[in-house]
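Turn these sequences into a full structure, and let the hints steer you where they fit.
Here the working numbering is used: the first residue of the sequence shown is 1, the next is one more, and so on.
Careful, some of the hints might be misleading.
Claimed, not checked - Lysine to aspartate or glutamate pairs mimicking EDC-like chemistry, simulated, CA-CA at most 16 Å apart:
hint	residue 1	residue 2
1	Lys-170	Glu-110
2	Lys-104	Glu-124
3	Lys-34	Glu-139
4	Lys-21	Asp-167
No wet-lab data here; the hints were simulated from the structure. Bear in mind the structure is a predicted one, so any value in this text is a computation, not a measurement.
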Amino acid sequence: MNRKKQYLMEIKIYGDKELRKKAALISNITSDIKSLASEMTEMMHQKDGVGLAAPQVGISKKLIVIDYKPDAEKLSNPITFGESYLIPLMPVALINPEIISSSKETIVYEEGCLSMPQIYANVERPKKVIIKAKLLNDEEIYFECGGLLSIIIQHEIDHLDGILFIDRVKSKDLSKIQKKLDKLKNTKL
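In structure tokens, the structure reads:
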């Protein structure tokens, strides 16, 4: 069944001011918010992403979508509650997600972003985080997650605060990708 798209979406590319705005809290989970989540999920799949934040499509709302189906070796060991709870629900939309606490232990992972095609760099983040969010059914959830799921969620929550993964890259690593970033920023796709 083909339904009419409510939002005309395109991924905002590095250099677009929309990516630096802080997103607004969502007070009510309306049919519009559910449509937005659905269309964002479709866009994320079209672009072969594992996560997408509403600001990346020019909508300043605290909404992220994730679709991550990991290989066993990418899960935390032991598997956290968040992984065991969320992974079967994938793809999942998280409304107003926030990090409640994070581990002192960190992990370094090479990240990329749909808003910065073909640019990758190592980012150090907390290994585990505890997240508070709402699901589309208005259920409030708290969960701990680790492994790649933790990295994806932290990356997407950063977008809601106008933070890009390159803001967390060490300067020596940033210098390696600076020319690509400059080219991307000055290119209108």
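A quick look at each hint next to the structure:
For the proposed pair Lys-170 and Glu-110, the alpha carbon gap of about 12 Å is at most 16 Å, so the pair holds. Our distance criterion of 16 Å between C-alpha atoms is met by Lys-104 and Glu-124, whose separation comes to about 11 Å. With a C-alpha separation of about 14 Å, the suggested pairing of Lys-34 with Glu-139 holds against the 16 Å cut-off. Taking the CA atoms of Lys-21 and Asp-167, the gap is near 14 Å; set against the 16 Å cutoff, the hint holds.
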